[in-house]
Structure formats: structure tokens, C-alpha cells
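Trainee: Line by line, the protein sequences are chains A and B. Under the working numbering, the first sequence has 241 at position 241, and the numbering climbs by one with no breaks. Counting the second sequence from 1 gives a position; the working numbering is that position plus 295.
Just so you know, the hints here were simulated from the structure itself, not pulled from any lab data. Predicted model, so just to flag it, every value in this text is computed and none were measured. Careful, some of the hints might be misleading.
Simulated restraints on C-beta separations [what the hints assert, rightly or not]:
no.	chain 1	residue 1	chain 2	residue 2	range
1	A	Gly201	B	Asp473	34 to 40 angstroms
2	B	Leu379	A	Ala83	28 to 34 angstroms
3	A	Ile164	B	Ser543	22 to 28 angstroms
4	A	Ala197	B	Asn412	35 to 41 angstroms
5	B	Asp473	A	Ala196	34 to 40 angstroms
Stretch-level coverage of chain A by chain B, calculated; a stretch enters the list once three of its residues show a Cβ under 8 angstroms from a Cβ in chain B [stated by the list, open to error]:
no.	stretch
6	83–95
7	126–132
Among the chain B residues that face chain A by a calculated CB cut under 10 angstroms, a handful are [to be verified]:
no.	residue
8	Phe362
9	Ile366
10	Ile390
11	Met429
12	Gly457
13	Leu496
14	Thr566
Idealized CB from N, CA, C, for every residue including glycine.
So the chains spell out like this:
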Amino acid sequence: MQIQARKTSAHPIATAGFLTPGLGLLALFVVVPILLTAWISLHSGSMAMSYSQLQWVGLHNYTIIFQQSTFRTALINVFLYSAANIVIILPLAVLLGMFLQQTSIRAKNVLRTVLFLPYMIPTVAVAIVWGYLYEPQYGPINQILGWVHIPAQDWLGSINEAMISLVILNVWQTLGYYVVIVVAGLTEIPQEYYEAASIDGASWFQQQLYITLPLLNRSLAFVFVILTINTLQIFDPVYVLTQGSPVNSTDVVAYQMYVTAFNYGQAGLASAMAMVLLAVILLLSLAQLRLFRSI
Amino acid sequence: MIHIYTKRYRTSRARGRFPAALLQYATTLVLICIMLFPFFWLIASSLKSPSELGAIPPIWWSAHPSFSSYITVFEVIPFARALLNSVIVTVCSTIGILVTSIMAGYVFAKHHFRGKNLLFIGVLATMMVPQFIMLIPLYRMMNAFNLTNSYPGLILPNLANGFGIFLMRQFISGIPDDLIEAAQLDGASQWTILWRVVAPLLRPAAAALVLFAFVFQWNNFLWPLSIVYTQDMSTVVLSLNSLRTYTSSITFTNIVMAGTAIGILPSVILTLAVQKYFIEGISMTGIKG
């Protein structure tokens with residue numbers, strides 16, 4: 001009896017009443033739509049058709065999208081985009097986090113603020129500004145490169161450079177957020193460890209290698225997973241700046257899904273694309289979490 | 296005493312650890328310049344004349360800076376209306392998220408019932424789901440209820456927010472049970488306890504949530520793009536995109552940049568005013584989750 005008394009709420013009406021709005025909204029606008037996306041992905045039909053009009057096609061939509069070279073390209077592109085972001089942001093976030101944590105100069109608060117600021121402004125605005133920065137003739141980036149005798153680049157107009165241009169834009173915009181997470185992880189490491197290490201004669205570098213990095217494991221796992229989830233979803237800069245061009249070099253899954261759904265009206269194919277990307281995101285983040293747990 | 300102690304302690308540690316103060320200043324300065332350069336270019340371009348915008352090599356600062364583009368942008372598109380739309384959508388969404396999150400967060404933190412942990416894990420899982428996975432059914436839902444191109448259509452899906460519930464639960468867990476039990480002994484109802492005892496203590500968490508929710512809604516692009524199809528229902532971010540598309544000529548850059556500068560202003564002001572809460576919010580949910 002006692003156990004049961006603890007398991008049921010002392011205020012059942014309040015419990016249910018307080019939970020209903022929040023959880024009801026999540027069910028209606030998140031859970032149900034995910035299930036519907038899975039359902040639509042097994043059917044063929046347009047965006048305007050009602051659910052009863054959709055025709056069951058089984059896994060046919062998945063077969064079709066994997067036969068399309070454009071979808072395979074979009075999938076590879078988004079992997080490359082994500083990998084490039086991780087390779088650049090992860091070490092930079094750790095270095096900058098350590099720098100912010102260990103310097104005592106006043107200006108570091110300004111640095112922390114300006115690092116974090118771009119993360120809070122609309123990605124569309126960031127894309128617009130960077131579009132002009134990258135402008136081959138009228139933009140300042142090629143001009144600055146010219147000062148150090150590097151030839152002008154085509155940036156967003158070049159098949160080889162368009163993707164890395166989007167990566168640089170994203171690094172500039174989101175780095176500060178990941179630095180904040182790393183700093184939060186660093187403040188949790190007890191100072192006694194460093195004192196003990198320096199008494200034992202460990203150098204600054206050794207302290208970072210053998211104390212900071214291992215104890216930062218959890219923060220790094222978090223940064224890794226969030227980075228993967230966020231970068232695989234890239235949509236706004238592609239929509240604003242490149243629309244997948246030049247020659248599909250910046251075509252990504254979310255953009256292709258949007259175009260398939262809203263420009264071509266093919267709800268089934270678009271839903272299958274969404275499900276593939278969701279599966280990729282889920283599998284990768286679970287694998288990463290497991291990887292970090294085993295270290 | 297403790298405060299003074301830690302401060303002095305940190306300074307001495309930092310001096311011993313990171314190489315040379317001069318190097319630190321130089322690094323900081325370079326990084327600040329890199330981070331601020333796009334903002335500089337945004338403002339500088341908005342003040343240039345059309346001929347200066349088309350100059351090769353580019354001119355960094357106008358010889359005769361002019362604010363006229365900040366007026367023109369309101370004439371070429373219904374930008375005032377877009378600002379109003381964004382304010383309406385953002386404020387309604389934020390209030391809705393705050394109220395529902397506090398209620399659900401309180402239950403998850405202080406009530407006990409069968410299946411609570413499982414339910415909470417479910418809430419956490421919804422945070423990980425990308426927006427575009429729900430896009431097609433949500434669009435069809437809004438279409439079925441004739442809510443496309445309307446305020447309710449723009450606002451409703453935003454109200455589902457697992458992050459808010461998570462943040463509030465984390466914060467309310469830190470409030471002592473004694474406080475709630477004392478109010479109970481005085482005969483207060485759960486409703487009274489939530490809004491009179493617990494809610495007033497939530498100011499830092501509420502600030503963090505309001506800012507995250509506000510900025511997220513203000514910046515959102517995908518959802519308005521999908522359901523808005525007339526200019527008078529456009530949000531700010533949506534009009535910035537159309538502004539850029541309509542004005543392909545480089546000589547109109549000043550108007551696009553002026554619009555962009557106005558469009559990012561609310562997010563910038565909020566971030567600068569209360570970044571302390573943002574960072575607390577990230578630390579609280581990001582690491583201890």
C-alpha cells in the first residue's frame with residue numbers, strides 16, 4: 001500500500017491539469033506529425049490530397065529516392081558539410097574555451113559576447129551579409145586576400161568552394177555557442193587537480209592533455225552530438241544563397257525535401273527524404289554517444 | 296570573503312598558466328575583429344550610396360554616410376507590417392511556451408506518479424527532432440483547418456516546446472520541498488502554490504526561456520516560408536529573404552543591408568542585455584542533462 005501511495009500523485013487533478021497543455025501540444029505538433037510523416041512516406045500522392053486519397057506504395061518512395069543521383073548527392077553533401085563543421089568547430093571550441101577560461105584579461109568578456117552574438121541572430125540575416133562578403137568583385141574578402149597576393153576566389157559561385165563557403169559561414173555563426181558549452185564543462189573541473197599536477201611538475205601542456213581533455217569528455221560528447229544534429233539539418237543558408245547550385249554542389253537533403261514537397265507537391269517522396277535524414281541523425285547520435293561512453 | 300578569495304586565486308593561477316599577457320591581448324583583439332567584421336560590413340554597406348556599392352575595389356566606409364536606405368526599405372516593401380507580424384507571432388508564442396512550460400516543469404520536478412520518468416524522457420526526445428521532419432504533416436494540418444497564411448497558423452506549432460519544459464523542470468527541482476510543503480500546510484491549492492510560491496522564484500530561468508523562445512521564433516525561417524504566401528502576412532526574416540531576391544543589383548545592397556540591420560536588432564539587443572541568462576540556460580540544460 002505504501003509503495004502504491006508513493007507511486008500515485010498526491011494531487012492527481014493538478015498533475016493531469018498542469019501536464020495536459022504542454023504535453024498535449026507536444027503530442028499534437030511533434031509526435032503525431034512524425035508518425036504522419038512516416039505514414040505519408042509509404043504512400044504516393046500530392047500535398048493537397050487528403051489522407052484517405054493517398055495510395056499505398058510500400059517502400060517504393062525509398063527505392064525511388066535512392067535511385068535518384070540528386071538525392072544521393074544531397075546526402076553525401078550534407079555528410080561532408082557536417083564532417084567539415086565538426087573537424088573545424090570541435091578543436092576551435094576547445095581551444096577558445098580554454099583560452100577564455102584561463103586568461104584574466106578584461107577584454108575576454110567582450111570576446112565571449114561577440115563570439116556568442118552571431119548565434120542569436122537570424123541565419124537568414126547571416127546568410128545575406130555573408131553573401132555580400134563573398135561577392136567576388138564587390139566583396140571585401142577577395143580584396144583582403146588580394147593584399148596578401150592570394151588570387152580572387154569565386155566562393156559561392158564555384159563548384160569546389162561553394163560548400164566550404166557555407167561551412168565558414170556556419171563556423172562564424174555557431175562557434176560561440178559551442179564555446180559556451182565547453183566553458184561550462186571546464187568550470188566543473190576541480191582546481192585541486194591542477195594544483196596537484198603542478199606540484200608534481202606537470203607542464204601546462206601536460207595538464208591540459210591529461211586533466212582537461214579527459215574530464216571534458218561529457219561536454220565534448222554533447223558538442224559532438226549537437227553539432228551533428230544541427231549541421232545535418234542545414235537549410236536556411238542554402239535556400240537564401242545557393243538553392244543547391246552550382247551544379248548540385250550545395251544541394252542538401254532538407255532543401256531537396258522542401259523543394260520536392262512545396263515546389264513539386266510530391267508529399268510521399270518528400271516524406272521519405274525526411275525519414276531517411278531522421279534515421280541518419282538518430283543512428284549517428286546514438287553511435288556517438290556510445291563511442292564517448294566507451295572512452 | 297569567499298568572493299575575494301576566489302578572485303585573487305584565479306588571477307594568480309591564470310598568470311602562471313597561459314603564455315604572455317601580450318599574446319593574450321593580441322589573440323583576443325584579432326578574434327574580436329574577425330567576429331565583428333560582418334557586422335561592420337552590414338552597417339557600412341547600409342550607409343553607402345549606390346555608386347559606392349558598385350565600386351571596384353570595394354570602399355569600406357562611405358564618404359557621405361546616409362541613413363536614407365533605412366527609410367527606403369519601409370517604402371519598397373511593407374516592412375512595418377512585417378515587423379508587426381513578427382512581434383505578434385513572437386510575443387504570443389513566447390507567452391504560450393512560458394506558461395505551459397512552467398506548469399509541466401513543476402509537475403515533472405515536484406509531483407510523483409507512475410510513468411513520470413518515461414514521460415520525461417519522451418519530452419527530452421522531442422527536443423532532438425529536427426523541425427523539417429514535422430513540416431509536411433503540419434502544413435497539411437494547417438491547410439485542413441484553413442490556418443495557412445494566418446497568425447494562429449504561424450503561432451500554434453511553435454507552442455510545442457520540449458526545451459521549455461526541460462529548462463523549467465531543471466530549475467524547479469532546485470527549489471526546496473519545504474517551501475512547497477509549508478504552503479500546503481497553510482491550505483494553499485496546487486494552483487496557488489505554482490503561481491504564488493514557485494513562479495516568483497523562477498525569474499532567471501524564465502528570463503532564459505523567454506529569450507531563447509523569443510529569439511528562436513523571431514529568427515525562424517522554415518515554418519513561415521512554408522505557410523505564408525502573401526506579403527502582408529510576411530515575418531521580418533521572410534521579407535529579408537524576398538528583399539534580397541527582388542534586388543539582385545549590387546546598387547540596392549544598402550536597402551537590403553538596412554532591412555537586415557533592423558531585422559537583427561531585437562535579437563542583438565536582447566542578447567547584449569541578458570546574455571548572462573542565456574549562458575546560464577545553456578550551462579544548466581546543456582551539461583547537467
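Trainee: Do the numbers back the hint for B:Thr566, that is, is its least Cβ distance to chain A under 10 angstroms?
Mentor: holds (4 angstroms)
Trainee: Grab the minimum C-beta distance from B:Met429 to chain A and call the hint holds if it beats 10 angstroms, violated otherwise.
Mentor: Nearest chain A Cβ about 4 angstroms off; hint holds.
Trainee: Holds or violated: the stretch 83–95 of chain A covered by chain B, criterion of 3 or more residues with Cβ-Cβ distance under 8 angstroms?
Mentor: violated (count 0)
Trainee: Should the interface hint for B:Ile366 be scored as holding, given a Cβ-Cβ cut-off of 10 angstroms against chain A?
Mentor: B:Ile366 check fails; min Cβ-Cβ to chain A is 19 angstroms, beyond 10 angstroms.
Trainee: Closer than 10 angstroms between Cβ atoms is the bar; does B:Gly457 clear it against chain A? Give me holds or violated.
Mentor: B:Gly457 check passes; min Cβ-Cβ to chain A is 6 angstroms, inside 10 angstroms.
Trainee: Has the hinted range 35 to 41 angstroms been met by the Cβ atoms of A:Ala197 and B:Asn412?
Mentor: With a Cβ separation near 39 angstroms, A:Ala197 and B:Asn412 satisfy 35 to 41 angstroms, so the hint holds.
Trainee: Per the hint of 28 to 34 angstroms, is the separation of the Cβ atoms of B:Leu379 and A:Ala83 within bounds?
Mentor: violated (42 angstroms)
Trainee: Under 10 angstroms is the threshold here; is the Cβ of B:Ile390 close enough to any Cβ of chain A for the hint to stand?
Mentor: Since chain A brings no Cβ nearer than about 12 angstroms to B:Ile390, farther than 10 angstroms, the hint is violated.
Trainee: Given the range 34 to 40 angstroms, decide if the beta-carbon distance of A:Gly201 to B:Asp473 lies inside it.
Mentor: violated (49 angstroms)
Trainee: Does 34 to 40 angstroms hold as the CB distance between B:Asp473 and A:Ala196, or does it fail?
Mentor: The hinted range 34 to 40 angstroms holds for B:Asp473 and A:Ala196, with Cβ atoms some 38 angstroms apart.
Trainee: Taking 8 angstroms as the Cβ threshold, is the statement that the stretch 126–132 of chain A is covered by chain B upheld or broken by the three-residue rule?
Mentor: holds (count 6)
Trainee: Confirm or reject the claim that A:Ile164 and B:Ser543 have a C-beta distance inside 22 to 28 angstroms.
Mentor: holds (24 angstroms)
The structure fails to meet hints 1, 2, 6, 8, 9, 10 and 13 from the earlier list, while all remaining hints are met.
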